[in-house]
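Undergrad: One-letter residues, chain by chain:
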Amino acid sequence: MNKLSRNIFIAFFVGPTILILLAVVFYPFIYNLIISFSNMNLRHIKDWELIGLVQYIKVFTDPTEPTFFNVFLKTIIWTFTNVFFHVVIGVFLALLLNQHIRGKSVYRTLLILPWAIPQYIVALTWRGMFNYEYGSINLIITKYLSLPAVEWLKSPTEAFLACILTNIWLGFPFMMVVALGALQSIPHELYEAADIDGASWFQKLKNITLPLIRPVMIPAITLGIVWTFNNLNIIWLVSNGGEPSDQTHILISFVYKAAFNLYRYGYAAALSFVIFIILLFISLAFMKRTKATEGAY
Amino acid sequence: MKNKFKSKKILAKIATHITLIIFAIIAVYPVSQVITISLRPADRLLSTSLEIIPDNATLNAYVDLFTNRPFLLWTANSAFVALVVTLTGVVFAAMAGYAFSRFKFIGKKIGLLSLLVTQMFPATMLLLPLYIMLIYLGLINTYFGIIIIYTATALPFCVWTMKGYYDTIPFSLEEAAKIDGCNQFQAFYKIIVPLASPALVITGLFSFMTAWSEYIVAAQVLQDAQLWTLPLGLKSFEANMTTEWGLYGAASFIVMIPVVVLFLVLSRWLVSGLTLGSVKG
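Protein chains in written order, with this note's numbering: chain A, 27 to 323; chain B, 1457 to 1737.
Next up, chain B with everything else stripped away, as it sits in the complex (with noise of 0.2 Å):
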């Protein structure tokens, strides 16, 4: 009997494991389709080869990346916008989030609400609108312009989540801080921050891939190559007549590093920081 229990309890985790693995390939193969284009030497593009490292593999696309496109230029210009955006959504994201949880005040209600209703707006809606102003103010072919607007779609879900997360912070924590001298701010930012860090980093990651990977605002703000941001050089690539599929999987696979490096070092802190204003009040 206790035999027979036991290898049930196997067989149960052979099966787990066997899904997940399933379920990993599936998620990493078209990661890996990426790495092999990139890869195909430039007369073999087209190949009906499964093989993940295809035959005479070569680094020329990379070479190509960086010794004769601007693609240097393309991350740089990438890394600032997504830098400067990351900063500011948190920074403003944990601000409103402290006072959306600990505060009553008028149009807190309306506040919140309207953060939600701002995710329902279609793209379309607010792109022609956006377009005709920043011609207005001057602002077309300037990252001040983008950077606002990344910072302006990044902070709704940033500003719940950490309002989720500061609503699992008991209040006494401050008003023990209070009886020791702090004042509200000093409170705030010595002892609430640090001990929010799982949903500040939620929020700095969600910023930073709102900056690093749009395509669809940045091709109608940014005209001037010299400004160009990784996914519209990535794009011109396949602009042309004929796609440069070498060059675009190249690029593709190192756009894609730095995000899954974040990815990976902080999941642990994604599982934990990701609260969605679940708790009460």
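Chain A extracted, bound-state conformation (with noise of 0.2 Å):
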């Protein structure tokens, strides 16, 4: 193929990827940028003017309720509570499902189940299922392991803690099967090798099983981390809006209260921008850590 055609090549499969990507996404970032300079609010949503970084020290400073690092802190621990156990669930699982057993497939099929469902169907019956006085969490607490009714969603932790245990649930599958198909690629010479030598199980899970893994399950969570810290929907539905009184805020609730509840489009657009940056430098810190690009280009 000489060089022309090459191109055209190239530019043919992937252009319609970067047109769309450049309409739908990179645009809307300029534009979220030029608005978090401005005072565009509900009442000035015409005649907004830049008013340069007002919204961005309003972010830091305004004495909202919780406060914004209060949000970040809370944003942390759920991110990292959800990757942690959805990892941790995820691998263990996968490890169990990796051995000859019967009915392989059955429990397969159903350990998916929670990634099948569309998350604002998972999000609204977790909701009903935390419910006091009818929610059979509390029933099955207070039947079965004869335990006092928890108030799930009337108090700030544990509200906050029935979305991460909600997210949990959800989350795990997605991991599960990654770790599956990474455990499938490893040759089995390796284990025969290790048994031959006399090596524990726990020695081979350590030494041949998660070494192997790894390059698999790197990029996966930090594709996690950026979904979770991003996942509006569990923490919106659940905890209804952020209640009780907007304890329950990860950042990304937190802006979009702002955004579509209050319409302060200025402020929205700034804090936005500084989750993104957020964002941004905890992904470099883990690839950078782990080296995770490593090997993808």
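Be aware that one or more of the hints could be misleading.
Listed next, with one range per pair, are the computed distances between beta-carbon atoms [said to hold, decoys possible]: (1) A:Glu-184 to B:Ser-1628: 51 to 61 Å; (2) B:Lys-1560 to A:Phe-118: 36 to 46 Å; (3) B:Lys-1634 to A:Thr-316: 37 to 47 Å; (4) B:Ile-1478 to A:Thr-168: 16 to 26 Å.
Since the hints were made in silico from the structure, they are not lab data. Values in this document were obtained by computation on a predicted structure and should not be read as measured data. Note that the Cβ used here is the ideal one computed from N, Cα and C, for glycine as well.
Build the complex: two chains, separate frames, hints provided.
TA: Dropping the structure here:
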């Protein structure tokens, strides 16, 4: 293939994707950046003007309830707890499923289920399950475990915990599937050799399995961090918009409220940009530490 | 000695099964809740019973859903949007992923990184500018607007998945095809695309789910009730003073079915198709 036709081929193949992303993702990104330097809100929706860094200063200093740093801290707890349990449960189940056991495909099928259900249904169903009086979680706790019922949705800590539990439930199948794929690509000879050397189950796990699934898990974990950090559905719908009294917000739901319930567009744009920078920084730090992109191109 | 070894193995098997059963129950239970809610008679929606099939179970909610509500309209709308998004998502991702996997070109590294970076944009960052843009272009209350947005949402992950999978297919296959007289394009769709079907399945499934279950963008763009997709319709059961839980449960259950069936049928492929750029290019 000569150079010209090669370039035409590449442009033809990459073009549609680039065009769509430019229009739907990168153009709004720039637009958002401009709004973040403006005073746009419900009163100034057409006649807005640029006012410099005022909105950014507000993000960090406005005495909002809760404060930016409080929400930021919760976002970190939210992301870390969720991804940690997604990976641990996912890899654990994948290890169990990667043996010769009866009914393997039935188990795998059932365990994938949480991934298959639309998130807004998951969120509203779990919200129902956390109901104080009629929710099945409290019914199970009181009937079978003889523990006192928990006010899941009325107190800040429990409501936040309820959101985390919901999100752990919904996220582990993705990691399980990724881990299963990685486990299946490990050559059997490695384990046979280890058996001959008399390696224990734990030694095989530590020295063969985990290092070999690592290169597959790291990109998945990076994606997991990014998706969890920005997951609006679960927090918004399980806590019904941050209840009680905005104490369950993570950054993404906090900014969603500012933009679409309070119409503080300029402020929301600035906060959105701050969120993006934080997430970019975290992901780059994570990838650098784990060398995730090594070999990706 | 041998007996001891054997019984230890059996014990391990039993423990494995018990653990898997416990997790399977946890995975399935919330789904069973949806069914329970949909079957409860209207006067007993708030119940402290833990039975999966409630007393006096009734299918009234399902009948109501199909006869008194525009549920079929919402389903048709959602199906249309989801199918178009799936088709465009798969075709564009298959093409872009191929170029990223097989060629070196200016901006390739930046391009791949930007795909990852798009995932970090908070939804709120894009939603407001997009909304204003769609108003200017007259695309509010059109499917065109929402289909483009959904396609863009699904594409970055899909392109990465395709690229990762193509990387596992040896170059020599295309070279052989070219010696046999195929041009680059023929080599792509005759040889490579069929081999990449596990990744195509994931890409399709992911695009379908993005469109089938999205609520927040749809709520801003599709304001005309005639155009509503399923998530908007379902939310409307909740929006009034009292939540119509029976209808909500019945509708949720029906909405889940196609996605769950797709997942079940494709779950074998899921495992082999998700390579996520794990291999060297």
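Undergrad: A separate judgement is required for each hint: does it hold in the structure or not?
TA: For each hint, the structure was consulted:
no.: 1; hint: A:Glu-184 to B:Ser-1628: 51 to 61 Å; result: 59 Å, holds
no.: 2; hint: B:Lys-1560 to A:Phe-118: 36 to 46 Å; result: 40 Å, holds
no.: 3; hint: B:Lys-1634 to A:Thr-316: 37 to 47 Å; result: 38 Å, holds
no.: 4; hint: B:Ile-1478 to A:Thr-168: 16 to 26 Å; result: 20 Å, holds
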